[in-house]
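Now for the letters of each chain:
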Amino acid sequence: MKFWPLLFANLGRRKLRTALTAGSFAVAIFLFCLLLAIRAGFQQGVEAAGADRLLVINKFSFIQPLPVAHRDRILQVPGVEEATFASWFGGIYQDPKNMFPQFAIDHRTYRDVFSEFLVPEAEWQAFAADKMGAIAGEGIARRFGWKVGDRIPIKDSPYGSYFEFNLRGIYTGARPHDDLTQFWFRWDYLDEKGPVEMKGRVGWYTARVKPGAAMAVVARDIDARFANSAFETRTQSEQAWMASWLEQMGNIELLMLVIGSVVLFTLLLVTGNTMAMSVRERTSELAVLKTIGFGDGAVLVLVLAEGALIAAVGGGAGILLAKLFTLGGDPTGGFFPAFRLPGSAVVAGAGIALAVGLLAGLIPALTAMRLHVVQALRRL
Amino acid sequence: MAIPLIYNLESVRARWRTTVVAVLGIAGTVGVFVAMLALATGFEATLVASGDPGNAIVRRKGASSELDSAVTLNQLRALEDSSEVARDGEGPLISPEVVVITSLPLRKTGSDASVQVRGVEQRALQVHRGVRVVEGRFLQAGLYEMVAGRNAAGAYTGVGLGDEVKLGGTRWRVVGVMDAGGSAFDSELWCDADLLNSTYERPAGVHQSVVLRLAASEKLSALQARMDGDPRLQCQVERETEYYAKSSRMMTGFILSLGSIVAAVMGLGAVFAALNTMYAAVAERTREIATLRALGFGGGSVVVSFVLESLFVSLVGGLLGCLAVLPLNGLTTATLNFQTFSHLSFAFQVTPLLLGLGLGFALLMGLTGGLPPAIRAARLPVAVALRDL
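So the sequence lines, in the order shown, correspond to chains F and B.
My numbering puts the first residue of the first sequence at 1, with every later residue one more than the last.
My numbering puts the first residue of the second sequence at 381, with every later residue one more than the last.
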């Protein structure tokens with residue numbers, strides 16, 4: 001396009017204003033992407049939950065244990081393909097501030113049910129062969145600088161004051177939103193070392209349902225199997241369980257999003273106004289362009305392209321900054337298991353930037369297009 | 381020589397459109413900033429209010445909250461005999477407590493939320509001085525009775541006075557509603573400790589925590605020393621206020637860290653808006669400024685004048701932002717406290733300090749946005765600028 005130099009000359013005339021406008025765009029789009037990343041962080045649990053998994057907990061409360069013998073009986077329920085169990089460990093690594101989920105898992109069945117967590121076969125075999133073995137998520141391993149073969153001490157759990165584990169493997173996630181902050185070790189080791197009253201007890205079961213089986217029916221059948229026993233169960237889909245926690249967070253998430261939207265709107269208003277202002281100032285120049293033979297359409301395109309260019313540069317910078325920011329990890333220090341920039345945020349951010357850029361240019365551009373040359377020139 | 385303020389006021393009025401945009405930008409930023417702080421302050425205040433500086437709470441060494449703690453009967457007896465514990469006519473002021481979590485449907489959404497249930501003894505009200513029964517009566521020992529916190533009774537279905545709550549396979553009758561002065565206890569249900577233990581098939585005589593009144597506030601270290609010296613008492617003791625302040629830390633940290641990032645980004649955006657507005661003002665008024673300089677006003681006066689104008693715009697924005705969030709004060713909301721896994725009601729607290737911080741933030745934005753354009757205005761070469769006429 002031969003009008004590039006003209007476009008750049010227009011933008012370059014008030015360099016500072018152009019920079020500030022592009023900067024405002026960058027800030028607004030950065031904020032927008034950040035809010036979507038925060039939202040994705042809140043939603044992570046629900047999104048990552050397996051669609052074919054049921055969670056079985058003690059009916060009275062999720063903090064109450066279930067007997068390990070339940071597994072065989074859960075497997076007998078029609079529609080259940082596999083079942084595994086885990087317990088919450090709740091110990092401290094070095095400092096109480098270093099919070100991350102620690103689960104005692106069944107090393108025989110856990111990865112069959114949670115197939116999204118990927119562990120190299122050799123590492124898994126080493127884990128299965130070592131009673132004190134443990135596997136850590138990539139995120140938590142990076143956070144504490146753990147390497148395979150490290151000995152990891154964890155203290156002050158309700159199960160005992162001191163435990164040591166050998167890190168045998170590091171798991172990664174099959175999907176970008178998988179939680180990479182978990183620490184797993186063998187349940188049989190916990191059962192051996194833990195206090196007498198906790199022997200043979202597990203925290204919860206996760207059952208994978210056969211393809212095509214109705215989740216609700218299987219859940220009801222599992223609960224029916226344990227009805228009137230000493231350990232009644234409450235079974236629900238993993239998604240419903242995660243959603244119920246999210247719902248309890250409720251107001252906080254809503255608040256952040258409402259606030260963010262208001263801010264975004266204001267920022268875009270400010271930016272759009274500045275852009276419109278700069279076009280209005282140049283009305284007479286546009287008249288000159290028309291005088292020397294530019295058509296209405298050409299003037300319109302020229303003005304719109306200017307807005308779009310600022311928006312593209314500013315918005316692009318905002319998205320890039322947001323990407324860099326999310327790569328830096330969770331800014332809240334462990335609150336979000338997975339903090340990332342969703343692909344949809346990038347697309348939506350770019351879309352919003354371009355839309356505002358074009359819209360802000362449109363009104364003055366239309367005025368410029370309809371401009372009566374003689375009248376406009378008279379203003380000179 | 382100072383340029384009269386009326387000049388600034390008039391010029392703000394003349395460019396009202398860009399001024400309104402700048403004011404709105406700053407108002408939004410300040411509003412969000414103050415709202416975030418009010419949220420965190422309210423959350424923390426609710427938990428801190430739960431503690432009594434004259435009380436201490438004893439838990440298992442290393443327990444992260446009451447939930448994963450355990451205090452045995454032997455430890456309880458040894459505590460009861462400690463001289464650091466206050467006594468009245470009926471014996472030591474000590475409250476052994478059992479804590480479990482159950483889920484109850486929220487009135488608002490119908491979905492389940494986690495509720496903290498605290499098993500207590502008759503002495504509990506003498507130890508927790510901030511808690512009083514405002515409706516009905518306190519529960520009786522040995523009966524399946526419950527007292528609901530004010531916020532719990534309001535937030536969940538079926539825990540009003542006279543209702544029956546199904547908890548762990550047994551039915552409990554709500555015989556009273558308690559007011560704990562806006563603290564975390566307001567979100568709890570209280571019942572008989574021994575019955576709760578047996579309902580949840582937990583070992584009898586094991587409690588999650590023991591709250592005790594100190595004979596004197598400064599006896600805490602003496603109690604700590606006694607516990608360190610006694611092999612039976614392998615527990616940790618903390619002032620109750622400290623324990624509750626700690627259990628709010630994760631959530632307030634979360635709100636503050638996210639809130640400050642958002643506020644910082646917004647502040648940057650608002651500064652850009654202010655810069656743009658002020659630069660535009662300077663550009664439009666090149667001749668005016670030159671005229672002022674020609675009249676004999678010095679460069680310093682021009683800088684002061686423009687900065688004052690920018691500060692005025694930001695102050696209006698700041699006031700507007702503070703005014704907008706003022707109605708939030710006292711508004712009750714609820715969230716999940718991740719440290720106790722339970723749902724907690726709390727109220728926003730818009731304190732004068734927070735409003736002051738908000739105004740300070742606004743002025744800072746005004747200064748940052750106004751100073752560079754003001755300096756440019758002062759540096760305008762008078763002769764060239766006047767020639768524009």
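For the record, the hints were derived by calculation from the structure and aren't laboratory data.
Predicted model, so just to flag it, every value in this text is computed and none were measured.
For every residue, glycine included, the Cβ atom is placed at its ideal position computed from N, Cα and C.
A hint or two may mislead.
For the chain F half of the interface with chain B, some residues (derived, Cβ under 10 Å), not all of them [what the hints assert, rightly or not]: (1) F30; (2) I38; (3) A216; (4) V217; (5) A230; (6) T266.
Hint check:
no.	hint	in the structure
1	F30	holds, 6 Å
2	I38	holds, 6 Å
3	A216	violated, 17 Å
4	V217	violated, 21 Å
5	A230	holds, 7 Å
6	T266	holds, 4 Å
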